[in-house]
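*Asks:* The primary structure of each chain is shown beneath.
Protein chains: 2
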Amino acid sequence: MKNILGTNVIAQVAIIVEDIEKTSQAYADFFGVEKPKVVWTDGYDKAQTEYKGEPSQARAQLAFFDMGSLQLELIQPDEFPSTWRDFLEEHGEGVQHLAFVVDGLKEKVSEMENTEMPLIQKGEYPGGRYAYMDTVKDLKVVLELLENDES
Amino acid sequence: MKNILGTNVIAQVAIIVEDIEKTSQAYADFFGVEKPKVVWTDGYDKAQTEYKGEPSQARAQLAFFDMGSLQLELIQPDEFPSTWRDFLEEHGEGVQHLAFVVDGLKEKVSEMENTEMPLIQKGEYPGGRYAYMDTVKDLKVVLELLENDES
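As you go down the protein sequences, you meet chains P and S in turn.
Going from the first sequence to this note's numbering is simple: count from 1 and add 429.
Going from the second sequence to this note's numbering is simple: count from 1 and add 429.
It should be emphasised that the hints constitute simulated quantities derived from the structure, not laboratory data.
Any given hint could turn out to be false.
Note: identical chains are not told apart, hence a pair may lie in one copy or across any two.
[What the hints assert, rightly or not] DSS-like mimics (lysine-lysine), calculated; alpha carbons at most 25 Å apart, straight line: (1) K431 / K535; (2) K466 / K537; (3) K466 / K481; (4) K569 / K475; (5) K451 / K431; (6) K566 / K475; (7) K431 / K566; (8) K481 / K451; (9) K569 / K466; (10) K537 / K569; (11) K475 / K451; (12) K464 / K481; (13) K464 / K535; (14) K537 / K481; (15) K566 / K466; (16) K537 / K475; (17) K431 / K466; (18) K466 / K535; (19) K566 / K535; (20) K537 / K464; (21) K569 / K431; (22) K431 / K481.
In this text the structure is predicted, and so the values were computed from the model without any measurement.
Whenever a hint applies, use it, and build me the whole structure from the sequences.
*Replies:* See the structure below:
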């Protein structure tokens, strides 16, 4: 039996929200921590975002909470088409994806596409890159692969 | 700043599914592990399930996968009213709750109810008890509190 990702360690649980300032304040209050700084994902020039195979100018605001060994991530999508906005429109606010840190992202994406789990969206972030895979049919949640450059 | 739960360690991420045999097989195949045994929650005589303050005969089938420091839990609700069935009917399959192991479950439930996060459902399981709290308005996901008896 093979583990396609080479890991089963969940690195992030991500929740799509409509108002990241309000929801991150609610998390901060509930867990007794400082409200984290909300950051924008990069624009197309840096992130080179592709959504369904086409360049996309979609961006999102993000906030991260350290929760034990993983991060809880809040994501507020902008108005452009993205996997984040799709989720909000189809399901409303809630948990959209589970993220795993992998080695060899490109090969893992190919391997998953061969098992009918297509790439939905990809892009670069400072220090690495991500790929959202459409695993909803089989796994009932989107999986995100993260590849960090060696530092 | 106070952490009401006394912890920020996510113990379980739970996904509501329609066909637990099929989805647990898909997870087993994807992560290269044996399909775990699917178990039924106890009936009312043992579980003393209460849903919205009333005794309930609702049960569910559960399957657990160890994913790093936490468990991924699959839940297939039966046909009786429960927070599990509510989620399936309102949202379809997907991530329904995040679980935290707490000390002093009863006091934590009271404290959360005082901050407008009402108890939705509670019950006993072998070795402990659980409480689902309606945190959706503020936190966009249900939280489950778990209290395990000292062994």
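*Asks:* Have a look at K464 and K535 and pick one of within, between, both or neither, based on CA distance no larger than 25 Å.
*Replies:* neither (34 Å within a copy, 28 Å between copies)
*Asks:* Pop the pair K466 and K535 into one bin, within, between, both or neither, using alpha-carbon distances up to 25 Å.
*Replies:* Answer is neither; intra-copy 31 Å and inter-copy 34 Å both fail.
*Asks:* From the Cα coordinates, with 25 Å as the cut-off, is the pair K451 and K431 best called within, between, both, or neither?
*Replies:* Between copies only: 18 Å across chains, 42 Å inside a chain, cut-off 25 Å.
*Asks:* Checking K566 and K466: alpha-carbon separation at most 25 Å within a copy, between copies, both or neither?
*Replies:* Intra 34 Å, inter 22 Å, cutoff 25 Å: inter-copy only.
*Asks:* Between K537 and K569, at a C-alpha cutoff of 25 Å, which is it: within one copy, between copies, both, or neither?
*Replies:* within (19 Å within a copy, 31 Å between copies)
*Asks:* Regarding K431 and K535, is the shortest C-alpha distance of 25 Å or less found within a copy, between copies, in both, or in neither?
*Replies:* So K431 and K535 pass the 25 Å test inside one copy only (18 Å; across, 43 Å).
*Asks:* Can you give me the call for K466 and K537, within, between, both or neither, at a CA distance of at most 25 Å?
*Replies:* Close neither inside one copy (32 Å) nor across copies (28 Å); limit 25 Å.
*Asks:* Using 25 Å as the alpha carbon limit, work out where K431 and K466 are close: within a copy, between copies, both or neither.
*Replies:* For K431 and K466, the Cα distance is within 25 Å only across copies (20 Å; inside one copy 39 Å).
*Asks:* With identical chains treated as interchangeable, where does the CA-CA distance between K537 and K481 reach 25 Å or less: within a copy, between copies, both, or neither?
*Replies:* within (17 Å within a copy, 44 Å between copies)
*Asks:* Between copies, within a copy, both or neither: which fits K537 and K475 at Cα up to 25 Å?
*Replies:* Close inside one copy (23 Å), not across copies (45 Å); limit 25 Å.
*Asks:* Is it within, between, both or neither when you check K569 against K466 at 25 Å Cα-Cα?
*Replies:* For K569 and K466, the Cα distance is within 25 Å only across copies (19 Å; inside one copy 30 Å).
*Asks:* Cα distance capped at 25 Å. Does K566 pair with K535 within a copy, between copies, both, or neither?
*Replies:* For K566 and K535, only the intra-copy Cα distance (22 Å) is at most 25 Å; the inter-copy one is 38 Å.
Of the numbered hints listed earlier, those contradicted by the structure are 2, 3, 4, 6, 8, 11, 12, 13, 18, 22.
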